[in-house]
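Protein chains: 2
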Amino acid sequence: MSALSKNTPGALETARLIAAGQLTATQAVQQRLEIVKDLEPNLKAWVSIHESEAIEAAQMIDSMPVSGKIHGVPIAIKDIFAVKGMPWHCGSELWKGRTAEFDAGSVALARRAGGIVLGKTETTEFAFYQPTRTRNPHDLSRTPGGSSSGSAAAVASGMVPLAFGTQTSGSIIRPASFCGIVGFKPSFDLIETGGVAPLSRSLDTVGVFARSVPDASLLVEALTGLNLQPDASANPTKLPVYRSPVWDQAEPELVSAWSAFEEGLAAKFSVHKFAPEIELALAEAPDLHARIMAAEAAEALAYEYAEGPETLSEALRAELEKGSAISADERLRDRQAMRSLRHLVEGLVPRNAVWLTPSSTGPAPLFETGTGSPSFNRIWSLLGLPCCSVPLLQTHDGLPMGVQVVGAMGNDGGVLTVADWLMARFGQCWSQQN
Amino acid sequence: MSALSKNTPGALETARLIAAGQLTATQAVQQRLEIVKDLEPNLKAWVSIHESEAIEAAQMIDSMPVSGKIHGVPIAIKDIFAVKGMPWHCGSELWKGRTAEFDAGSVALARRAGGIVLGKTETTEFAFYQPTRTRNPHDLSRTPGGSSSGSAAAVASGMVPLAFGTQTSGSIIRPASFCGIVGFKPSFDLIETGGVAPLSRSLDTVGVFARSVPDASLLVEALTGLNLQPDASANPTKLPVYRSPVWDQAEPELVSAWSAFEEGLAAKFSVHKFAPEIELALAEAPDLHARIMAAEAAEALAYEYAEGPETLSEALRAELEKGSAISADERLRDRQAMRSLRHLVEGLVPRNAVWLTPSSTGPAPLFETGTGSPSFNRIWSLLGLPCCSVPLLQTHDGLPMGVQVVGAMGNDGGVLTVADWLMARFGQCWSQQN
Numbered sequence: 393m394s395a396l397s398k399n400t401p402g403a404l405e406t407a408r409l410i411a412a413g414q415l416t417a418t419q420a421v422q423q424r425l426e427i428v429k430d431l432e433p434n435l436k437a438w439v440s441i442h443e444s445e446a447i448e449a450a451q452m453i454d455s456m457p458v459s460g461k462i463h464g465v466p467i468a469i470k471d472i473f474a475v476k477g478m479p480w481h482c483g484s485e486l487w488k489g490r491t492a493e494f495d496a497g498s499v500a501l502a503r504r505a506g507g508i509v510l511g512k513t514e515t516t517e518f519a520f521y522q523p524t525r526t527r528n529p530h531d532l533s534r535t536p537g538g539s540s541s542g543s544a545a546a547v548a549s550g551m552v553p554l555a556f557g558t559q560t561s562g563s564i565i566r567p568a569s570f571c572g573i574v575g576f577k578p579s580f581d582l583i584e585t586g587g588v589a590p591l592s593r594s595l596d597t598v599g600v601f602a603r604s605v606p607d608a609s610l611l612v613e614a615l616t617g618l619n620l621q622p623d624a625s626a627n628p629t630k631l632p633v634y635r636s637p638v639w640d641q642a643e644p645e646l647v648s649a650w651s652a653f654e655e656g657l658a659a660k661f662s663v664h665k666f667a668p669e670i671e672l673a674l675a676e677a678p679d680l681h682a683r684i685m686a687a688e689a690a691e692a693l694a695y696e697y698a699e700g701p702e703t704l705s706e707a708l709r710a711e712l713e714k715g716s717a718i719s720a721d722e723r724l725r726d727r728q729a730m731r732s733l734r735h736l737v738e739g740l741v742p743r744n745a746v747w748l749t750p751s752s753t754g755p756a757p758l759f760e761t762g763t764g765s766p767s768f769n770r771i772w773s774l775l776g777l778p779c780c781s782v783p784l785l786q787t788h789d790g791l792p793m794g795v796q797v798v799g800a801m802g803n804d805g806g807v808l809t810v811a812d813w814l815m816a817r818f819g820q821c822w823s824q825q826n
Numbered sequence: 393m394s395a396l397s398k399n400t401p402g403a404l405e406t407a408r409l410i411a412a413g414q415l416t417a418t419q420a421v422q423q424r425l426e427i428v429k430d431l432e433p434n435l436k437a438w439v440s441i442h443e444s445e446a447i448e449a450a451q452m453i454d455s456m457p458v459s460g461k462i463h464g465v466p467i468a469i470k471d472i473f474a475v476k477g478m479p480w481h482c483g484s485e486l487w488k489g490r491t492a493e494f495d496a497g498s499v500a501l502a503r504r505a506g507g508i509v510l511g512k513t514e515t516t517e518f519a520f521y522q523p524t525r526t527r528n529p530h531d532l533s534r535t536p537g538g539s540s541s542g543s544a545a546a547v548a549s550g551m552v553p554l555a556f557g558t559q560t561s562g563s564i565i566r567p568a569s570f571c572g573i574v575g576f577k578p579s580f581d582l583i584e585t586g587g588v589a590p591l592s593r594s595l596d597t598v599g600v601f602a603r604s605v606p607d608a609s610l611l612v613e614a615l616t617g618l619n620l621q622p623d624a625s626a627n628p629t630k631l632p633v634y635r636s637p638v639w640d641q642a643e644p645e646l647v648s649a650w651s652a653f654e655e656g657l658a659a660k661f662s663v664h665k666f667a668p669e670i671e672l673a674l675a676e677a678p679d680l681h682a683r684i685m686a687a688e689a690a691e692a693l694a695y696e697y698a699e700g701p702e703t704l705s706e707a708l709r710a711e712l713e714k715g716s717a718i719s720a721d722e723r724l725r726d727r728q729a730m731r732s733l734r735h736l737v738e739g740l741v742p743r744n745a746v747w748l749t750p751s752s753t754g755p756a757p758l759f760e761t762g763t764g765s766p767s768f769n770r771i772w773s774l775l776g777l778p779c780c781s782v783p784l785l786q787t788h789d790g791l792p793m794g795v796q797v798v799g800a801m802g803n804d805g806g807v808l809t810v811a812d813w814l815m816a817r818f819g820q821c822w823s824q825q826n
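Residue numbers (my numbering), protein chains in the order written: chain L, 393 to 826; chain Y, 393 to 826.
The hints are simulated quantities; they were obtained by calculation from the structure and are not laboratory data. One should not assume that every hint holds.
Identical copies look the same in the list; a pair holds intra-copy or inter-copy alike.
The calculated lysine-lysine pairs, modelled on DSSO-like cross-linking and capped at a C-alpha distance of 30 angstroms, are [said to hold, decoys possible]: (1) Lys488 x Lys476; (2) Lys476 x Lys665; (3) Lys714 x Lys488; (4) Lys488 x Lys436; (5) Lys714 x Lys476; (6) Lys660 x Lys429; (7) Lys398 x Lys429; (8) Lys714 x Lys630; (9) Lys398 x Lys436; (10) Lys476 x Lys429; (11) Lys665 x Lys630; (12) Lys398 x Lys488; (13) Lys398 x Lys630; (14) Lys665 x Lys436; (15) Lys665 x Lys398.
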């Protein structure tokens with residue numbers, strides 16, 4: 393059983409209609425609230441929906457001249473971001489009942505650009521692995537992935553055209569893959585993280601979900617002022633494919649879809665190769681990523697651990713204890729190794745490089761088994777590189793899987809352009825296809 | 393007129409006495425609270441003093457076996473850190489009346505190590521330049537410096553042996569210099585910044601104030617688990633002096649004291665030289681630092697600007713508007729330039745390098761004129777290098793000024809060892825000298 397709304401306009405289209413006077417922000421919000429009412433009982437994507445505040449904000453926007461990039465566009469915010477007057481539970485027992493007193497910097501920037509916050513979406517506990525109650529819109533018996541579970545499900549189902557997520561290991565690209573939508577994790581540190589509950593300061597990255605690449609670009613443009621719309625005239629001659637050191641973790645459904653995808657690239661197919669010293673280092677990258685994440689999480693969540701270890705899930709408690717047990721010298725060495733590896737890649741990989749690799753090990757697993765594996769994401773999160781997942785693959789049963797476009801540090805525009813080209817050539821947004 | 397308490401034990405000494413059963417944490421706290429009562433009317437270092445909570449926490453510590461590095465040691469926390477149940481005003485009109493619901497990660501780590509929080513200390517508005525009401529303990533007509541004004545004054549006056557500060561441009565080293573104490577800004581990102589109000593994510597660094605180098609080391613050891621006690625057997629053969637590209641901003645009193653200091657180094661004196669490509673880049677560093685800080689502050693404080701521009705000081709409002717006006721492409725170029733410069737320095741400066749440079753342009757200016765200039769700090773903040781200010785210099789009128797020990801990225805231990813050697817050879821903590 394699925395829960396998808398068809399034919400909702402995307403973010404660019406919504407903004408265009410509002411600017412043209414063919415739709416008001418208030419109507420746009422009301423339309424989405426209708427869909428939310430319809431689908432939420434099955435999906436459970438939201439921590440809280442703020443109907444009256446959203447309509448009030450939309451009326452205010454309707455009374456103002458069009459200015460920002462997302463003037464009147466409804467958005468959803470993952471519940472590790474602070475949003476004034478809304479819950480800020482971070483998926484945790486400890487913070488149940490907390491209300492934020494301010495907006496995270498990125499949320500304030502989205503509002504400045506005209507975005508209307510509909511509410512807060514479910515997140516795994518502090519963006520780690522403890523599953524939420526959210527279901528996958530394509531198959532309610534499956535997980536939407538984590539940690540940005542609610543944001544991905546809300547966008548995939550058509551409840552909102554845009555949502556905020558964060559990625560520390562695979563928390564944007566993986567749920568985008570499982571939910572058949574576009575997920576974009578920009579270059580590390582491109583978007584302000586103030587007011588977002590921290591998990592691992594070397595890795596935490598704010599990113600977005602949308603149902604098309606230009607829509608994802610639009611939200612990041614609104615937050616950064618950059619021009620990131622994909623170059624529609626681009627026609628890449630070669631699309632380098634990189635199966636990566638974790639290919640042995642690909643599940644049969646992915647292996648089969650991926651091979652078909654490589655064949656489909658035809659003359660554009662090429663094999664991506666890193667310099668040997670990078671290749672060597674990448675084999676160690678997943679373990680390095682996991683150690684840094686655990687060590688930094690133990691520092692970032694020191695208060696939560698002290699205050700109520702019994703309110704934490706067993707998995708998170710174990711992670712924090714694992715992190716605390718890593719010696720100070722090993723932490724220093726690990727972070728030095730990460731910095732060196734980032735330098736090495738920045739020095740040896742051409743600035744305009746882009747390559748394709750799977751977004752996830754396979755399709756969304758069953759709900760009861762957790763939020764899926766971030767194996768195909770850890771390396772790129774460690775390197776801080778821009779990644780965009782596009783919904784191009786499917787299983788025999790029609791479940792979505794993503795192709796991950798990764799690029800050199802700072803090549804966010806190049807990644808989005810290739811992602812958009814792939815969508816135009818091979819796909820369409822999954823949730824519109826069904 | 394000054395306001396200094398003499399002969400209070402340092403942090404290591406306090407911890408030693410408590411561990412030896414010669415002092416209880418409760419007594420240690422009560423002694424400090426007496427001093428606070430005495431001096432606070434003149435110094436105005438505190439936003440809030442939490443007497444009963446501190447005594448309660450001390451009694452709890454007294455009932456437990458000695459474990460952490462700062463078991464029972466009173467500490468003060470700059471009011472941009474969240475401390476549960478205490479004010480979190482960030483020196484701002486907008487946040488007047490706010491109480492934090494959790495501890496910043498670093499505060500939780502300090503408590504885990506046995507530290508007792510006495511209260512929150514005055515900070516300039518969001519750690520920018522709007523002065524606080526705090527006075528300099530050595531001369532009440534002067535500023536303690538900013539932004540960590542209250543923490544520096546509280547340590548200098550003997551109200552606490554240890555305090556937390558942060559530095560984005562010169563907010564630890566400058567007030568340490570003006571207040572005649574030890575200020576230590578570790579390597580960028582060594583200490584968790586979660587729960588600290590952000591100003592500029594590429595630069596914000598948590599650090600400490602103390603009245604001796606080993607005491608400063610102790611607190612950073614408690615937070616990181618590293619072994620950072622200065623090597624007391626070290627005897628540097630050469631102490632490279634670097635007057636830096638901003639030497640022309642040195643005031644006459646500094647020029648004269650600095651020349652005498654250089655002479656005093658005698659055979660150990662040498663001139664520090666960077667590679668020519670670094671030297672070239674450092675000339676641009678202060679401007680680059682200022683642009684990055686403004687651009688990132690405009691993102692970090694987007695909510696505060698949107699919510700109540702009229703509650704912000706004129707200077708901060710102007711800074712945020714200056715930051716917003718910097719184009720997205722220039723922001724990217726600037727941060728790329730910063731990263732390249734950090735790489736360059738990491739590649740060309742030996743890992744064990746240490747050099748000496750002034751901490752501030754001169755002594756503490758008069759209270760009415762602001763919090764002093766961060767000129768001698770911007771470069772090192774931009775590079776993210778560890779810096780320690782030691783109170784070795786004075787004006788003809790006996791006002792303190794600091795010598796800044798700077799080291800290669802990650803050489804926190806080397807910086808502290810040289811700082812300690814300098815103190816042993818040339819100085820003693822200023823506030824004990826008077």
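Hints not upheld, ascending by number: 2, 6, 8, 12, 13, 14, 15
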